[in-house]
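**Student:** Going down the list, the sequences are from chains E and V.
Using the working numbering, the first residue of the first sequence is number 1, and each one after it goes up by one.
Using the working numbering, the first residue of the second sequence is number 314, and each one after it goes up by one.
Please note that a few of the clues may not be correct.
Selected chain V positions facing chain E (Cβ under 10 Å, derived; list incomplete) [as the list claims (entries may be wrong)]: (1) Q325; (2) D327; (3) A386; (4) Q403; (5) V450.
Heads up, simulated SDA-like pairs for lysine to any residue below, C-alpha to C-alpha not over 25 Å straight-line [what the hints assert, rightly or not]: (6) K285/E <-> A349/V; (7) K285/E <-> G261/E; (8) K285/E <-> P379/V; (9) K285/E <-> D350/V; (10) K285/E <-> R373/V; (11) K285/E <-> P348/V; (12) K285/E <-> G296/E; (13) K206/E <-> A132/E; (14) K285/E <-> A377/V; (15) K285/E <-> A323/V; (16) K285/E <-> G375/V; (17) K285/E <-> E374/V; (18) K206/E <-> E131/E; (19) K285/E <-> R346/V; (20) K285/E <-> R435/V; (21) K285/E <-> A344/V; (22) K285/E <-> V372/V; (23) K285/E <-> Q378/V.
What the hints contain is simulated information worked out from the structure, not anything from laboratory work.
These numbers were taken from a predicted model, which means no experiment stands behind them.
From the three backbone atoms N, C-alpha and C, an ideal C-beta is built for every residue, glycine too.
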Amino acid sequence: MTERTAAAGDDMTLPTDSPPPARGTERVKRGMAEMLKGGVIMDVVTAEQARIAEDAGAVAVMALERVPADIRANGGVARMSDPEMVESIMAAVSIPVMAKARIGHIAEAEVLQAIGVDYIDESEVLTPADEAHHIDKWAFTVPFVNGATGLGEALRRISEGAAMIRSKGEAGTGNVVEAVRHMRAIRSEIARVSALPPEELFAVAKALQAPHGLLVEVAARGRLPVVLFTAGGIATPADAALMMRLGADGVFVGSGIFKSGDPARRASAIVQATVHHDSPDLIAKVSRGLGEAMVGINIDTLGQSERFAGRGW
Amino acid sequence: MSRPRVGVLALQGDVREHAQALERCGARTVAVRSPADLRGLAGIVLPGGESTTVSMLLVREGLAQPLAGELRAGLPALATCAGLIVLARQVLDGRPDQHVCGVLDVVVRRNAFGRQVASFERPVDIAVLGPVAFPGVFIRAPWLESVGPQVEVLAHVADADGHPRAVMVRQGAVIGTSFHPELTADDRVHALLLGRCTAPSGTSTGAGAAGAAAPQVPAAAVPLGVG
Chain E
1 MTERTAAAGD DMTLPTDSPP PARGTERVKR GMAEMLKGGV IMDVVTAEQA RIAEDAGAVA
61 VMALERVPAD IRANGGVARM SDPEMVESIM AAVSIPVMAK ARIGHIAEAE VLQAIGVDYI
121 DESEVLTPAD EAHHIDKWAF TVPFVNGATG LGEALRRISE GAAMIRSKGE AGTGNVVEAV
181 RHMRAIRSEI ARVSALPPEE LFAVAKALQA PHGLLVEVAA RGRLPVVLFT AGGIATPADA
241 ALMMRLGADG VFVGSGIFKS GDPARRASAI VQATVHHDSP DLIAKVSRGL GEAMVGINID
301 TLGQSERFAG RGW
Chain V
314 MSRPRVGVLA LQGDVREHAQ ALERCGARTV AVRSPADLRG LAGIVLPGGE STTVSMLLVR
374 EGLAQPLAGE LRAGLPALAT CAGLIVLARQ VLDGRPDQHV CGVLDVVVRR NAFGRQVASF
434 ERPVDIAVLG PVAFPGVFIR APWLESVGPQ VEVLAHVADA DGHPRAVMVR QGAVIGTSFH
494 PELTADDRVH ALLLGRCTAP SGTSTGAGAA GAAAPQVPAA AVPLGVG
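Extracted from the complex, chain E is given alone in its bound form (with noise of 0.2 Å):
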């Protein structure tokens, strides 16, 4: 019974039957996201600040060439990262790496995929390539992220096959508002049909512009069938705890860590307040001495067109 190697090429047998491993499958692509619980994943735009990410606990980096905040900064188009970047990245560390490809850009995410990257964020920080409509998710093997101000919004992306939802927030601002203003409508609006009687929900996913199959099913569970992650102007240890106090599952953190005085020493507090959210005493002690948060913009002083969150349909 005891075998002293496991490794392959000795007398075990395998079952001539067993059919081929299916991949791409929707338990795989969510069950990803399930291992992220918990975690803190990490926009990094060098091999070093990946590494850095990882020795502070990230459970994922999200590589791009430039984090929220410069891409506000520096305007233009924003695009899909260079391929040889990402790569650098997922050969620089052990855990998983997302992407970002534009609202709309199916090349760009076949790109992703090609190159191998775990995940893939389509994502309203970058400039949206199509007005209309999003990427047909179920078409890929690798799993998507998106972002959502809402229930309804949330239940668009997830019937187009995305496999993990984060609110959306304001990116590049560190300014956490409006990623509590989306979490707490998510939260709010899933407790609402919860408690209604399923003849209404006909109504609601009407008015949510939303599947009814998977409202009725957010009802039952009285959660989204998918994770929910925040993101969106968390900048500070207490940020992360604020989101996860919300019902977040996670945390994704942009500009806040690299834009700040101290990354390494930021990143791993965020790590440490994200586990203990719910310890006030162990949140002032990792945020103690942090050096600078980055700056911040107010979101009130921001033009329409210079506010991501409006964009996905």
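Keeping the supplied structure of chain E fixed, place chain V upon it in accordance with the hints.
**Tutor:** Leaving out everything else, chain V in the frame of chain E:
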């Protein structure tokens, strides 16, 4: 009948899915985040997650040594995917600081089946669970490269080249899987764990039959060749 009190390591990962599976099998579950949470457990689950993060947090929380001590003393455990990695004696393709517990005398290779695009589902034959194949869900999954003399290999699956790879092991009262039973509705792996867990009163659960039917390595025989 009293229900065994089973801990779920709750630092990061799919804690909820394990807790739900355990409760379906008749256990009471508690979240384990600090050494004090280890007291009075009849068993523990180390869930899937990101193994680099989990191992780092285990050390940071001061949990690695107390947890390893409990497991060496015979606390029954189920370790899935990242959980299996943090218990391994040696980790290949991981970070140098990653083997934090060294309780299982195995060499594990991280992400051995490939990145996420290579993640897969397939039925796995597991003799100790009976004739019906188990729905295996493999997500950036590791495999066991080699195992020590005290370790029983309970299941294999073929890699991309058709070579059999060990994906489920048992050493004493510790079960390790590279797949995710908690992502399925099939609770037989959790029942196998609960078969080894006795409630504080000494009453075993109704789920014990699956464990009792299995060939057992005595819990006392967990001498680990761990240096």
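**Student:** Among the hints numbered above, which are violated by the structure, and what are their numbers in rising order?
**Tutor:** Of the numbered hints, 3, 4, 20 do not hold.
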